[in-house]
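**Q** Sequence:
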Amino acid sequence: MVFLNQTAVLSQEYKAAVFNQNGKTLPYRILLPEAYENNKSYPLVLFLHGSGERGNDNELQLFHGSKMFLDSKFREKNSAIVVFPQCPKDSYWATVEKNSFTKFSYFEKPKNNPTLSLVEGLLDQIILKYGVDEDRIYVGGLSMGGMGTFELVYRNPNKFAAAFAICGGAHPKIARKIKKPVWRIDHGDADTVVPIEFSKAMVSALIENKANVTYNWYPGVQHNSWENVFADPDFLPWLFSQKK
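First residue of the sequence shown: 0, per numbering that gives the first Met the number 0; consecutive thereafter.
Worth double-checking, as some hints may not be accurate.
[As the list claims (entries may be wrong)] Computed list of lysine-lysine pairs in PhoX-like fashion (alpha-carbon distance at most 25 Å, straight line):
| # | residue 1 | residue 2 |
| --- | --- | --- |
| 1 | K199 | K76 |
| 2 | K178 | K199 |
| 3 | K108 | K178 |
If you are wondering where the hints come from, they were derived from the structure by calculation, not from laboratory data.
Working from the sequences, and respecting the hints, build out all of it.
**A** See below:
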């Protein structure tokens with residue numbers, strides 16, 4: 000009940016919409032600046048949720064992360080467009096094989112991903128419809144959404160100014176193609192759902208490819224390391240300071 004009540008409250012602030020492309024649909028929520036003006040350009044944040052928030056209710060995806068963008072102090076300092084798409088229940092943000100509950104196999108060259116194609120179409124539509132500063136487009140997510148973040152940047156290596164991946168992972172070989180955005184990678188070292196080794200491998204590969212990457216490992220923290228990130232007072236200032 001608390002879970003549902005929280006998302007219901009958050010959904011009052013984020014406008015509900017559905018993106019359509021070639022007969023496929025993608026529900027999403029969008030938050031505009033409080034004093035949005037058509038003739039101005041604003042930074043855009045695309046947030047990819049975890050696997051537990053998949054579905055078609057267009058509400059669950061707001062459970063983690065959306066609240067911090069509603070903070071009054073944040074909104075006073077940062078006029079931004081924030082978008083939370085919702086992944087279908089039978090789909091995944093990333094091209095990955097799950098061998099068991101905690102074992103993932105990532106692809107060196109991710110295959111066609113229809114769900115991410117919808118996300119790309121949604122992103123293009125929002126850029127056309129709203130005033131978006133294309134030098135300040137950010138993407139990030141947690142768990143499955145962290146994996147999807149790596150893959151979305153792989154597919155669009157020049158689109159994003161910054162990216163953050165929380166308790167995610169990818170094939171280290173893709174690092175050579177995703178080195179342009181400024182990166183932040185976070186993970187708990189007690190994570191038994193997505194092992195921290197995946198994030199450590201990505202950090203090493205990005206550094207080897209001379210990427211700008213900040214990383215944080217949280218001792219004793221399990222899969223919910225996003226709570227540490229969202230509580231970090233430097234996280235959003237870091238994100239919104241990035242520009243191409």
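**Q** Work down the list of hints and note, for each, if the structure agrees.
**A** Tested hints:
1. K199 to K76: Violated, because 33 Å separates the two Cα atoms, which is more than 25 Å.
2. K178 to K199: This hinted pair holds, its Cα atoms lying about 15 Å apart.
3. K108 to K178: Distance of about 16 Å is within 25 Å: holds.
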